[in-house]
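Chemist: Now for the letters of each chain:
Number of protein chains: 2
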Amino acid sequence: MIALLSGGVGGSRLAAGLYDLVGERLVVIVNTADDEVIYGLYVSPDVDTVLYALSGIGDWERGWGIRGDTFRCNETIGRLGFENWFKIGDMDLAVNLLRTKMLREGMSLSEVTGELARRMGIRCRVIPMTDFWVETRVVTKEGTMSFQEYFVKRGTAPEVLEVRRVRSPDEAPAPGVVESLTSAQAIFFAPSNPILSVRPILETKGVEEAIRRSGAVKVAVSPIVGGRAMRGPADRLMVAFGYEPGVVGVAQFYEGLIDGLVIDRADEELAGTIRSRFGIEVLVTDTLMTSREAARWLAGEVLNFAVRLGGTRG
Amino acid sequence: MIALLSGGVGGSRLAAGLYDLVGERLVVIVNTADDEVIYGLYVSPDVDTVLYALSGIGDWERGWGIRGDTFRCNETIGRLGFENWFKIGDMDLAVNLLRTKMLREGMSLSEVTGELARRMGIRCRVIPMTDFWVETRVVTKEGTMSFQEYFVKRGTAPEVLEVRRVRSPDEAPAPGVVESLTSAQAIFFAPSNPILSVRPILETKGVEEAIRRSGAVKVAVSPIVGGRAMRGPADRLMVAFGYEPGVVGVAQFYEGLIDGLVIDRADEELAGTIRSRFGIEVLVTDTLMTSREAARWLAGEVLNFAVRLGGTRG
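Residue numbers (my numbering), protein chains in the order written: chain A, 16 to 329; chain B, 16 to 329.
If you're looking for bench data, these hints aren't it; they were derived computationally from the structure.
There's no promise every hint is true.
A pair holds if it fits inside one copy or across any two, identical chains being indistinguishable in the list.
Below, computed lysine to aspartate or glutamate pairings styled on DMTMM-like, alpha-carbon distance capped at 25 Å [as the list claims (entries may be wrong)]: (1) Lys168 with Glu120; (2) Lys102 with Glu130; (3) Lys102 with Glu259; (4) Lys168 with Glu150; (5) Lys116 with Glu223; (6) Lys220 with Glu186; (7) Lys116 with Glu39; (8) Lys116 with Glu98.
Chain A with its partners taken away, still in its complex shape:
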């Protein structure tokens, strides 16, 4: 079994690539710290991005939502004078309506996610990191705001001082999370934002410990290429949170947790530094997943790297 810890865009792409290669042997554990209630609907952006990528209906280029979706509902909300900066497409709305309905009927988020995945024809498991609500507040120089306000409404423009998460003291990982991590042969960290997407998964009670204890080979794919985040504010946030710039900061973030780091050819000259400073094996390859084919190719590279590392170690 292969476990992938995933955020949104980058994570969903690697998930799709891995799914094409290992099928139902894949388990995707998805960040839910970005979840929010929008227009009264329970929105789980990373979970949906993963579901859409796996089922092949996602908009690969845009990175979120459903390909060819329209925004008539969203536009109407705006026309009626309500805030509509969070864009949910009309087809996307169906998924969010159904999720909200099933949650209200008493199903857990992981049950709902499993049900949606099944109905989308996805054969591998997609598990939200937890069934508990995680509230993310972003403290910026321009005030404290919800995650989606910071990310979507403000387009990550405000300078971030702190990311606060309110998590239930009773919180537990969703059923299957710890079991998957424990029994996995490989655990992959997707090229997702370390601060905003990976850390919330690691902070889920018991998850980091399960990863540390697991006998799996652990490999991360850098979301930073040539010093820049592929998408979103990961590069700025890493520096703001005290990490060195670029892939070295990514290695710092994962230090002690991973066996290998996959970095892009653009960062080839830093491979040696990472190996010597952090004791992390490095694979230098093309990491840009501009298409599903490219994602499949990278997934193959990552899988082979993990096999090599497993062989070396074992």
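Take the given structure of chain A and dock chain B to it, following the hints.
Modeler: Then chain B, alone, in the frame of chain A:
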């Protein structure tokens, strides 16, 4: 002030016609016994039909929903294998999402309706008959079902034995309903289904009494023309509930409550019977509201009839 008691299609058309003539002097009191929770959304079909007709965005021909709307969300719900017989258009969804959200935030249905009307640029008052939930169960030869199941899913096909309404013992008319009826110069009953649309309004605690006490001229427009309901099962239901067929049954239904009944030229030969048997004045005219212009014309006829009746009476 002019008060109109209204159901969906026919009521919304007469509401639009009256609105064009008397503007903000109109108050529309709308049936909510058809309200239902669909996909977790609070759907108020008659209220929306009235709002859409008044604001001019309604689909006049179809009689429900918004003109030019698409059904991408609805189609996606079906594609995911969920029931989607209740069709909410993508633009229509915006209204239902916002209503549900505002209700959850603690606003009453009448406050929400007022807010939506205002945002749609409607200058007259649109008031749901009550802010309390009314549950309608239709007992048919094929089993007991919800109103929308009977009306939309089954297309009113099953033979109706009984219509049961579960209403709160604490129920009261929405704010403004009794006041409008009391102070109105004229109270009109729209050409809506007497059993399914008008009766639930009359059954709202205090409403029928307010109408009886009101000094207003009271005029109903028959929803039945040439023995047939313009739309829906009114003709069959009236007979099933013991009324005589055709406009005579309509007069029977309103007996003691109205001063005048407006019937179509198709039923001209029954005018004398209605006058002599029920002591109700009759206006024979063209009642088919095939366009907003036709609705405006009928509204003018109804207003003039009410003025004449008022003059006679006073």
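Chemist: With reference to the structure, classify each hint as holding or not holding.
Modeler: Hint by hint, here is what the structure shows:
no., hint, result
1, Lys168 with Glu120, "between (30 Å within a copy, 22 Å between copies)"
2, Lys102 with Glu130, "both (24 Å within a copy, 23 Å between copies)"
3, Lys102 with Glu259, "neither (34 Å within a copy, 54 Å between copies)"
4, Lys168 with Glu150, "within (17 Å within a copy, 40 Å between copies)"
5, Lys116 with Glu223, "neither (32 Å within a copy, 37 Å between copies)"
6, Lys220 with Glu186, "within (7 Å within a copy, 48 Å between copies)"
7, Lys116 with Glu39, "neither (27 Å within a copy, 38 Å between copies)"
8, Lys116 with Glu98, "both (23 Å within a copy, 13 Å between copies)"
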